[in-house]
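Heads up: the sequence lines are chains V and X, in that order. Following the UniProt record's numbering, the numbering of the first sequence begins with 1 at its first residue and continues without gaps. Following the UniProt record's numbering, the numbering of the second sequence begins with 1 at its first residue and continues without gaps.
If you are wondering where the hints come from, they were derived from the structure by calculation, not from laboratory data. It is possible that part of the hints are untrue.
Unchecked claim - 30 Å max Cα-Cα, derived DSSO-like pairs, lysine-lysine:
hint	chain 1	residue 1	chain 2	residue 2
1	V	95	V	193
2	V	181	X	128
3	V	97	V	193
4	V	254	V	193
5	V	95	X	17
6	V	95	X	288
7	V	193	V	181
8	V	95	X	23
9	V	283	X	288
10	V	181	V	254
All of these numbers come straight from a predicted model, not from anything done at the bench.
Okay, here's what each chain looks like letter by letter:
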Amino acid sequence: MSGDSRLLGFWYVLPYLIGLLVFTAIPFLGSLYLSFTDYRLMQGASFIGLENYTDILTRDRTFTRSFNVTMLYVLITVPLKLAFALFIAGVLNSKLKGIGFFRTAYYVPSILGGSIAVAVLWRYMFADTGFINMMLTSIGFEAINWFGNPGTALFTITLLRLWQFGSAMVIFLAALQSIDKSLYEAAAIDGAKPWRAFFAITLPLLTPVIFFNLIMQMVQAFQEFNGPYVITSGGPLKSTYLLPLYIYEMAFKKFDMGYASAIAWVLFAVIMVLTLIAFWSSKHWVYYAGDKRS
Amino acid sequence: MSDSVTHFDKAIDEAEKYLAAQKRRQTVSLAIRYTILTVVGLIMLYPLIWLVGASFKSNTEIFAGAGFMPVNPTTDGYVEGWQTSTPYTFGRFFWNTFLIIAPKTICTVISCTVVAYGFARFDFPGKKILFATVIGTLLLPNVVTRIPQYLLFRDLGWLDSYLPLWVPSAFAGDAFFVFMLLQFLRSIPRDMEEAARVDGATSFQALIYVVVPMLVPAMISVALFQFMWTMNDFLGPLIYVSSVDKFPVSLALKLSIDTAESFEWNRILAMSVLTLLPSLLVFFLSQKYFVEGISAGGVKG
């Protein structure tokens, strides 16, 4: 019985294994290979060694611009989103009536936010004649040229993703609700102030989900495409020209597959390094309660 | 003796004061919480409310003010937007979206269930490594595999068809769902399956007749998530679907803001409302599956 079930299990996961090889592993290595070639769609690939990479890192001004903008975007968006999600989860985490209503209301943007329809909505909201500007002027402020200004253009995309804090919040909320209430009672008896309890109990117990959300949101933010593509078209002055947009245009507009693959690998390397740093540092700040495994 | 009694009274007195203070604090805290939640909620939902309101306005009215209530409600946006500037109506694009979503969702649910069952209930050589790749692909940015995938599908002659969008799902391509189902499977006791096996059922029969009925809520979660994600997917169709007659709504909407229609805000906003409607409906009809899905996929493990 154990003999045949050893192979049995393998048959069940076989579809996954095939998919992994054909649609992930081989393309993964393929793009690494492509990144060392000059590959235009109509011609074949010719091996050129590190030339793409040296071009990217030394000559390509657009890349430098795009890279800086991407880092700025991720650095602003991810911490803001996590902090906001945690804050609202904290506010929701008590014996509130209507907690389900608020949780749902806050989650709706996460459901819709990836849709192109919301990107379109954003584009119209922040347009010169959009309702944000109309609101500003009606309360006496001056209208802002959101998409004409490098600083504010990127901010509109950040705002769109902040608006979708719901999925991170739901995860935080579930974690908050699983914290043993007696810990807080004990802390209160010992005379701890609420803020002290937050830093001594809540935050340490939340570190695993903070870590999880951080990684997921970071990987997602580095791949932001819809926002710049639909809302700002990468402009103005390439101030929202995030790397995924650059890769897309290089690969599917200019059909320079080799160069695009090299940029993709640089982006991948950045994500990997940051993920590894997060994993490595997690030993020092992520707290796993030993007896909470189910 | 009397000394300790007064001490006792004092303690009770202090405890009562403490409790009263605590109650006051709780009331204040509750008020603050409700205020924050309501204000944030209104700010969050206003764009959507405005979207719906504006879709019933005329173009001149949209530019006239930031309020959401249309003064002279009109369905012009819907009627004209539905016609589009292409030879096709939006109905065609919705039908195309459905043609992408239905096979993809069915393939995902079946393949991910089978694979998760294999991981959850069997030991086989290389299982640990293979399972590590499930987590690995969860974190692997798609951007790095996209170009060779495109070349592969081109060589297969699948460009401008829905095959590149369907086929990877038939091979449990979305590792997230395998992971999610696995979390659910781990919480289902094995007793019933083992009993079935003892009675002579094959492992596949045990899967179909014992595991699947218990796993239905999780499978619904998977189907719902895949529905939403595919509904929202833009880059996939953008890369693989090039003829307008095969466009899903996401591409059609992008097309309409790029063409002359872009000055006709009410048409585009009306079609945006229709684009969001299926996801919203599905979400409200089946909320609990979503919350369960996120918690299972996210927190445990």
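Query - Ascending list of hint numbers which this structure does not respect - result: As far as the earlier hints go, 2, 4, 9 and 10 are violated by this structure, in ascending order.
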